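Novice: Chain by chain, the residues:
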Amino acid sequence: EAGVAQSPRYKIIEKRQSVAFWCNPISGHATLYWYQQILGQGPKLLIQFQNNGVVDDSQLPKDRFSAERLKGVDSTLKIQPAKLEDSAVYLCASSYTGTANTIYFGEGSWLTVV
Amino acid sequence: SQQGEEDPQALSIQEGENATMNCSYKTSINNLQWYRQNSGRGLVHLILIRSNEREKHSGRLRVTLDTSKKSSSLLITASRAADTASYFCATDDILTGGGNKLTFGTGTQLKVEL
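Top to bottom, those sequences are chains V and L.
Residue 114, in the working numbering, is where the first sequence stops; the numbers in between run on with no holes.
Residue 114, in the working numbering, is where the second sequence stops; the numbers in between run on with no holes.
Rather than coming from a laboratory, the hints here were simulated on the basis of the structure.
The structure presented is a predicted model; accordingly, all values stated were derived computationally and were not measured.
Glycine residues also receive a C-beta, built at the ideal position from the N, C-alpha and C atoms.
Among the hints, erroneous ones may be present.
Claimed, not checked - Simulated pairs of lysine to aspartate or glutamate, EDC-like, Cα-Cα distance not exceeding 20 angstroms: (1) K44/V / D93/L; (2) K26/L / D83/L; (3) K69/L / E5/L; (4) K70/L / D83/L; (5) K44/V / E17/L; (6) K44/V / E5/L; (7) K70/L / E55/L; (8) K44/V / D57/V; (9) K111/L / E53/L.
Stated by the list, open to error - Quick partial rundown of chain L residues pointing at chain V, CB under 8 angstroms, derived from the structure: (10) H45; (11) A78; (12) R80; (13) A81; (14) A85; (15) F88; (16) L102; (17) F104; (18) T106; (19) K111; (20) V112.
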């Protein structure tokens with residue numbers, strides 16, 4: 001079974017530029033998550049989708065971050081404009097449903113903002 | 001915001017020894033999960049313990065949960081060099097309605113030396 005796929009794996013951009021990350025969840029998983037993990041900290045949930053609807057985006061900085069999950073499969077997370085403090089690993093994850101199921105994580109997209 | 005706090009922040013042991021990590025949290029939970037993260041990689045789910053369970057085993061892993069003290073421990077027995085990683089606890093809070101919205105702790109860095 002293929003895991004959660006993410007791209008790009010690494011990205012370096014200048015502040016005020018934009019960046020987009022792509023995620024393909026495990027086939028059949030209805031719930032998709034984007035987490036932000038700053039170096040030395042645990043992951044923080046940015047947004048959770050159930051199929052193509054948003055379940056929770058309370059911690060997403062909506063002035064600069066946006067995410068979509070068209071057709072309830074792939075998802076894209078965009079940052080525009082980027083700030084230095086956005087330097088982090090962006091982890092995509094998926095689960096079969098959104099209730100007490102194992103969450104499977106991708107390898108992450110490493111963002112450095114200079 | 002970080003929910004759990006792992007203790008210790010870092011742990012170094014010899015191969016074959018047991019490793020114990022503790023996690024404290026603040027709210028009422030549906031379940032608590034432990035994840036492993038190898039350097040530069042995504043998170044891997046290890047074990048889930050529900051709020052009505054006190055102890056759970058999986059291979060060399062033993063997890064305990066004390067909801068009265070709002071704490072959990074992860075024991076890895078007969079550790080191996082391959083167990084070297086960061087370990088995170090994550091809670092699924094009752095207030096989120098069991099929607100698998102996890103709040104991660106700050107992690108324990110385990111190093112197992114040959």
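Novice: Of the hints stated earlier, which fail here?
Specialist: Hints 2, 4, 5, 9, 11, 12, 13, 14, 19 and 20 contradicted; others consistent.
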